[in-house]
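Student: Below, each chain spelled out in residue letters.
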Amino acid sequence: MATLMTSDARADGSSAATRIVLDCEELTTREINGALRTMKAGSRVTIANPSGRHNLAVGLFEHLDILIDGHAGYFIGGLGSGPDITVNGFVGWSVGENLMAGTIRVTGGASECAGASSHGGTVIIHGSASSRAGISLKGGTIVVGGDVGHMSGFMAQAGTMLVGGDAGHALGDSLYEAVIYVAGSISSLGSDAQLEDLTQSDVDTVRRLVDEAGFTHVSPEDVKRVASAKQLYNFDALKGQEY
Amino acid sequence: MCGIIGLHLKVPALESELGALVAPMIECMGSRGTDSTGLAIFSTPVAAGRFRYSVRLDPADGPGDAESEMHALVEGLATATGHQVRCERIRPDGGVLEATDDVALVSHELNRLHPGAVVMGYGRSLEIIKDVGSPQEVCDRFQVRNRRGFQAIGHTRMATESAVTIDHSHPFAPTHDLAVVHNGSFSNPATVRRRLEEQGIAFVTDNDTEVAARLIGRELRRGSDIHAALKEVGNEMDGFYTLLVATDQEVAVVRDSFACKPLVVAETDEYVAFTSEYIAMTSLPGIETAHVFEPKPEEIHAWRRS
Numbered sequence: 001m002a003t004l005m006t007s008d009a010r011a012d013g014s015s016a017a018t019r020i021v022l023d024c025e026e027l028t029t030r031e032i033n034g035a036l037r038t039m040k041a042g043s044r045v046t047i048a049n050p051s052g053r054h055n056l057a058v059g060l061f062e063h064l065d066i067l068i069d070g071h072a073g074y075f076i077g078g079l080g081s082g083p084d085i086t087v088n089g090f091v092g093w094s095v096g097e098n099l100m101a102g103t104i105r106v107t108g109g110a111s112e113c114a115g116a117s118s119h120g121g122t123v124i125i126h127g128s129a130s131s132r133a134g135i136s137l138k139g140g141t142i143v144v145g146g147d148v149g150h151m152s153g154f155m156a157q158a159g160t161m162l163v164g165g166d167a168g169h170a171l172g173d174s175l176y177e178a179v180i181y182v183a184g185s186i187s188s189l190g191s192d193a194q195l196e197d198l199t200q201s202d203v204d205t206v207r208r209l210v211d212e213a214g215f216t217h218v219s220p221e222d223v224k225r226v227a228s229a230k231q232l233y234n235f236d237a238l239k240g241q242e243y
Numbered sequence: 001m002c003g004i005i006g007l008h009l010k011v012p013a014l015e016s017e018l019g020a021l022v023a024p025m026i027e028c029m030g031s032r033g034t035d036s037t038g039l040a041i042f043s044t045p046v047a048a049g050r051f052r053y054s055v056r057l058d059p060a061d062g063p064g065d066a067e068s069e070m071h072a073l074v075e076g077l078a079t080a081t082g083h084q085v086r087c088e089r090i091r092p093d094g095g096v097l098e099a100t101d102d103v104a105l106v107s108h109e110l111n112r113l114h115p116g117a118v119v120m121g122y123g124r125s126l127e128i129i130k131d132v133g134s135p136q137e138v139c140d141r142f143q144v145r146n147r148r149g150f151q152a153i154g155h156t157r158m159a160t161e162s163a164v165t166i167d168h169s170h171p172f173a174p175t176h177d178l179a180v181v182h183n184g185s186f187s188n189p190a191t192v193r194r195r196l197e198e199q200g201i202a203f204v205t206d207n208d209t210e211v212a213a214r215l216i217g218r219e220l221r222r223g224s225d226i227h228a229a230l231k232e233v234g235n236e237m238d239g240f241y242t243l244l245v246a247t248d249q250e251v252a253v254v255r256d257s258f259a260c261k262p263l264v265v266a267e268t269d270e271y272v273a274f275t276s277e278y279i280a281m282t283s284l285p286g287i288e289t290a291h292v293f294e295p296k297p298e299e300i301h302a303w304r305r306s
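If you're matching them up, the sequences are chains A and B in order.
First residue of the first sequence? That's 1 in our numbering, and the numbers climb one at a time after it.
First residue of the second sequence? That's 1 in our numbering, and the numbers climb one at a time after it.
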């Protein structure tokens, strides 16, 4: 089993409590996730030297405070239902995939499929996210400070996305009940996605998300609301009779 | 899956370390496939009018001693071609010969002298290493860490559409000083292949990547630059791809219109690095301060040697 070291993790001394340090240069991913799984709720952990490591802090149930101190790889924090995770850097594909509860905050950018299929919890990306962000969203919340790539929100069934920058092509293609807010431009909407009027309830939702993320560049009254036109909900047997 | 890596050096100071820098990158990408492993290494060009030939001898000949067989080939080829021939390097699978740039003549005589010998790649700067097996095995077997050069691209294969043989391994090097590696799968290679065959272009395998490589080779021979050649891949070929293409002058990348397959690029004042996953470039010096980005769909990024 892994050796656990303890130290005062934060150089600026902002943390009075001791943090447990798990060092990727000394431990395998399996050892790190195994150690995290045994920790009691409220534990504070720093994962040091991640250097693009995949699958860190996945499948955790307890409310842990986890800092991944550097750039990380694929599937960070996926399947979680408890911890609050901060990544001090950028992440690869599918951060927070299938997240159930808790928060994942990424100070840099995210690659493809950020928050894919998440059922609950919040994924906050301070930088930009690549294509297919929030694909198949099932109730989670995704907040991106910068841009999102093409086909973001594809087939999103429930939940909320906020894009602080611009959205790429085919945004919200085949949306179900999820709602997407975009502060910047939209390259194109996907099939059955439409722009809708912003209600006070939308403004309140966006304000709550902006406050939670700590963004100052998004004004909640000025976002666009994208939701489903619901024309694909049922198969239209009379459509396209020419064939 | 399949993994791809590349390193394009901007400064001569790192050239002696090319192999030592590239080996950990490709070994890391063993996580994306261990069926076969290949590298294209570009180093100081041989004289004008001369080419390097990466020659694989037929293992069916028996255990044989690569060194004595290569030396016999040097003498035989020199007599047959009337030009000087030099053995630049002995390798476990054969070696690298330096000879006249008359490729048709050299290939013909090689085949006559040693039936079953295969030229895996040729050019003034290019050497091709490829074999079945994991990147660790191949890097050790070919002593990749000791190699110098100004540029390398590499591939770890998880075969999905054609056989696992040395010939099916990437890189594909269909013309002089060109190497192509690919992560993905093309959906219309047979159609494009028929068109190319009608133009007299011959194929070695039934691999989909070989079709894209020979299409790029045709475009470059017609005088296109690498940017235009990759545009033609987008026009002609359907499917999923991240392609990394290197010549003795340039290196370029492109992803399909959906960006289905990953690619990370890191640039510093000293190098441009390419890997399927960021984790495979974390061993590079100065990666902490590199400009790291992912090319968008259909964007062609190219770097020319200065």
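In short, the hints are calculated from the structure, not lab data.
Misleading hints may appear alongside valid ones.
[To be verified] Calculated pairs, DSS-like style, for lysine-lysine (alpha carbon to alpha carbon, straight line, at most 30 Å):
hint	chain 1	residue 1	chain 2	residue 2
1	B	Lys231	B	Lys10
2	A	Lys138	A	Lys40
3	B	Lys296	A	Lys224
4	B	Lys296	B	Lys10
5	B	Lys296	B	Lys261
6	A	Lys230	A	Lys138
7	B	Lys296	B	Lys231
8	A	Lys138	B	Lys296
9	A	Lys138	B	Lys261
[What the hints assert, rightly or not] Pair by pair, the computed Cβ-Cβ distance ranges are:
hint	chain 1	residue 1	chain 2	residue 2	range
10	B	Glu299	A	Leu195	41 to 51 Å
11	B	Gln199	A	Ala158	47 to 57 Å
12	A	Glu196	B	Phe258	19 to 29 Å
13	A	Thr18	B	Glu17	33 to 43 Å
14	B	Gln136	A	Gly34	22 to 32 Å
15	B	Arg194	A	Ala158	39 to 49 Å
16	A	Gly59	B	Arg148	55 to 65 Å
17	A	Ala158	B	Glu299	50 to 60 Å
18	B	Lys10	A	Ala41	44 to 54 Å
19	A	Ala158	B	Pro92	53 to 63 Å
20	A	Gly82	B	Glu161	38 to 48 Å
Heads up, the beta-carbon is just placed ideally off N, CA and C, and yes, glycines get one too.
Student: Just tell me: holds or violated, for the beta carbon distance of Ala158 of chain A and Glu299 of chain B against 50 to 60 Å?
Tutor: Violated: the Cβ-Cβ distance is about 33 Å, outside 50 to 60 Å.
Student: 33 to 43 Å was suggested as the range; check whether the CB atoms of Thr18 of chain A and Glu17 of chain B agree with it.
Tutor: holds, 41 Å
Student: Next pair to validate is Lys231 of chain B with Lys10 of chain B; report whether the Cα-Cα distance is within 30 Å.
Tutor: This hinted pair holds, its Cα atoms lying about 25 Å apart.
Student: Please test the hint of 53 to 63 Å on the beta carbon pair from Ala158 of chain A and Pro92 of chain B.
Tutor: Holds, at about 58 Å.
Student: Are the Cα atoms of Lys138 of chain A and Lys296 of chain B separated by 30 Å or less?
Tutor: Answer holds: Lys138 of chain A to Lys296 of chain B is near 26 Å, not above 30 Å.
Student: Going straight from one Cα to the other, do Lys296 of chain B and Lys224 of chain A come out at no more than 30 Å?
Tutor: holds, 24 Å
Student: Are the Cα atoms of Lys138 of chain A and Lys40 of chain A separated by 30 Å or less?
Tutor: holds, 28 Å
Student: Is it true that the C-beta distance of Glu299 of chain B to Leu195 of chain A lies inside 41 to 51 Å, as the hint says?
Tutor: violated, 28 Å
Student: With respect to the beta-carbon atoms only, verify the hint that Glu196 of chain A and Phe258 of chain B lie 19 to 29 Å apart.
Tutor: For Glu196 of chain A and Phe258 of chain B the Cβ distance comes to about 27 Å; the hint holds.
Student: Indicate whether the distance between the beta carbons of Gly82 of chain A and Glu161 of chain B respects the range 38 to 48 Å.
Tutor: holds, 42 Å
Student: Is Lys230 of chain A within 30 Å of Lys138 of chain A, Cα to Cα?
Tutor: Holds, at roughly 17 Å.
Student: Starting from the hint 39 to 49 Å, judge whether the C-beta atoms of Arg194 of chain B and Ala158 of chain A obey it.
Tutor: With Cβ atoms ~48 Å apart, the hint holds.
The structure fails to meet hints 10, 16 and 17 from the earlier list, while all remaining hints are met.
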